[in-house]
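Number of protein chains: 2
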Amino acid sequence: MPLGEEKNGASDRSIYVNNPHLDSMTDDILYHFNLGTSTHDLPAMFGDVKFVCVGGSPWRMKSFIEYIARELGLSEPNAEYPNICAGTDRYAMYKIGPVLSVSHGMGIPSISIMLHELIKLLYHSRCTDVTVVRIGTSGGIGLKPGTVVVTKQSVDSVFQPRLEQIILGKPVVRSTELDGELAEELLQCGKDLAEFETVIGNTMCTLDFYEGQARLDGAFCSYSEEDKQSYLAQAYAAGVRNIEMESSVFAAMCKLSNLRAAVVCVALLDRLKGDQLTSSHDVLNNYQQRPQVLVGHYIKKKLNASKKR
Amino acid sequence: MPLGEEKNGASDRSIYVNNPHLDSMTDDILYHFNLGTSTHDLPAMFGDVKFVCVGGSPWRMKSFIEYIARELGLSEPNAEYPNICAGTDRYAMYKIGPVLSVSHGMGIPSISIMLHELIKLLYHSRCTDVTVVRIGTSGGIGLKPGTVVVTKQSVDSVFQPRLEQIILGKPVVRSTELDGELAEELLQCGKDLAEFETVIGNTMCTLDFYEGQARLDGAFCSYSEEDKQSYLAQAYAAGVRNIEMESSVFAAMCKLSNLRAAVVCVALLDRLKGDQLTSSHDVLNNYQQRPQVLVGHYIKKKLNASKKR
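Taken in sequence, the protein lines are chains F and B. Just so we're aligned, residue 1 is where the first sequence starts under full-length UniProt numbering, counting upward by one. Just so we're aligned, residue 1 is where the second sequence starts under full-length UniProt numbering, counting upward by one.
Please keep in mind that the hints were generated in silico from the structure rather than gathered at the bench. Even for Gly, the Cβ is constructed at its ideal location relative to N, Cα and C. Please note: incorrect hints may appear among the correct ones.
[As the list claims (entries may be wrong)] Derived DEER-like restraints, expressed as beta-carbon distance ranges:
id, chain 1, residue 1, chain 2, residue 2, range
1, B, D23, F, L303, 51 to 57 Å
2, B, A305, F, Y81, 46 to 52 Å
3, F, L272, B, T128, 36 to 42 Å
4, F, M45, B, N285, 20 to 26 Å
5, F, G180, B, G169, 22 to 28 Å
My request is simple: use the sequences and hints to build the entire structure.
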């Protein structure tokens, strides 16, 4: 199937599921969320969601909801944010006002399960006009550690903006195009804040952390430091500024379901200078908060603008 | 690179890392475990490990260590099993006597990060003669729900026993061969127990849970019920009895590092009859304990045999 053939020609901002079978199901169990259409009133629980932030670590997604609650003036003293997916340890989910925060684990398959169920959740909840942002960590290429990268294009291991999805044993190629306007708005938020460096660039999405990212410190390594540097230099020349493990399927699935989507990741290290994460726990922790701060600023700006209208 | 070219010709049971760069590192940080060679005395902590059980869910891997402690007579009243990876939420790790229990999240990339760091941990700890078993959940094909499948071969979406690993942008094909003798021993343990059905068969390993496994209930579905049934029938004809998302890279990486490895998964449902997990929480919970019980029996048998020697 050629790139983009599955694209929706939608002009409104409804959430699409592209699955004729769903309408004939009397009940839909979102197994990995421990939620379902017959056990939960999804429109009442989630109908007001306008922003979904997703990230690998459950702890980080809990800290994000606490942060955004404070930023939006929605936090109350001693407020607890219960995990909506409490009956499972596959993912964690938190909500405050129009903001949903969901963890997705590590890697394309893990985030893909979460996104299938999130897209169905938003669809069943009859949400409209939803923006989804992945806030994550990554390895930078030629960047100062702590720099935040807003993804222009998510590219594969040969620097192409595509994802190969296997369906019934056959490859289907999907576009990993993200929302250009949203990326520019997020870049502007980084400039407004002026608390840390924010850049826009391509993000390479890989299937593993060690050999797939040309690291020299895995259990296996069949290449030299020179091979590594040459590969990373090719990536840099193709506009790649950071490497992570979820953006391609995130971009492809959001595009197929008409979700406005962006990827904002902090670079924890410069891969041209090393492979191991040697910075202190406190420094890494501070870096990991930067995408949260940037996206928090964006959400506040959007909500204030819509109040004024 | 042809299949098997990376294979070790080892006759002893040392753990191999295949990475000449590791020896020149003064310190090795196992980032996703929050452990390291300069911060932890790994040989003292892990040198006695002979069995490693891995599974997706952190809760399940905690319940496994509690179970195996009781089975081996190593549990003490009110004993707590602290999470060895306490400073991170990426993976959870527990230990009792010679048994290590580690969670790996969902999907090939997530388990691959864990295995790189586990193999290095066993290597730095100078462990020998280690057996690693993945205990997991899966979808069955033509099996009664609750049946336990010991994997003969882990196969890809076109039913071949191989894994394509991308290194520096180029595909390298690796064998997913498992230890045949160990699989037979585990099958025998299932027969000894006679508490549930245990079979041996091929396991298909996919990159996603919905489209990659021919489910009709994802956010996207471009095929019919007939297409699905035809694909699953082809899989069955190729010896596939269950489908999960980690076995191929698990098999490939264990083989490369000289670890005796097996995959034991319970089938939570029969995919020929449906896609959704409609069984009650209690029933599914009971099913998930079966691989634990089987592998617990195997470990006890092996430890008793070595005591007698």
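Hint says 46 to 52 Å; check whether the CB-CB distance for B/A305 and F/Y81 agrees.
Taking Cβ atoms as reference, B/A305 and F/Y81 lie about 51 Å apart, which means the hint holds.
Could you check the hint for me, namely that B/D23 and F/L303 are 51 to 57 Å apart, CB to CB?
holds (54 Å)
Using the Cβ atoms, figure out if F/G180 sits within 22 to 28 Å of B/G169.
Check passed, 26 Å falls within 22 to 28 Å.
Does the Cβ-Cβ separation between F/L272 and B/T128 fall within 36 to 42 Å?
holds (38 Å)
Mind checking the hinted window 20 to 26 Å against the Cβ distance between F/M45 and B/N285?
Holds, at about 25 Å.
Every hint, counting from the list given before, is met by this structure.
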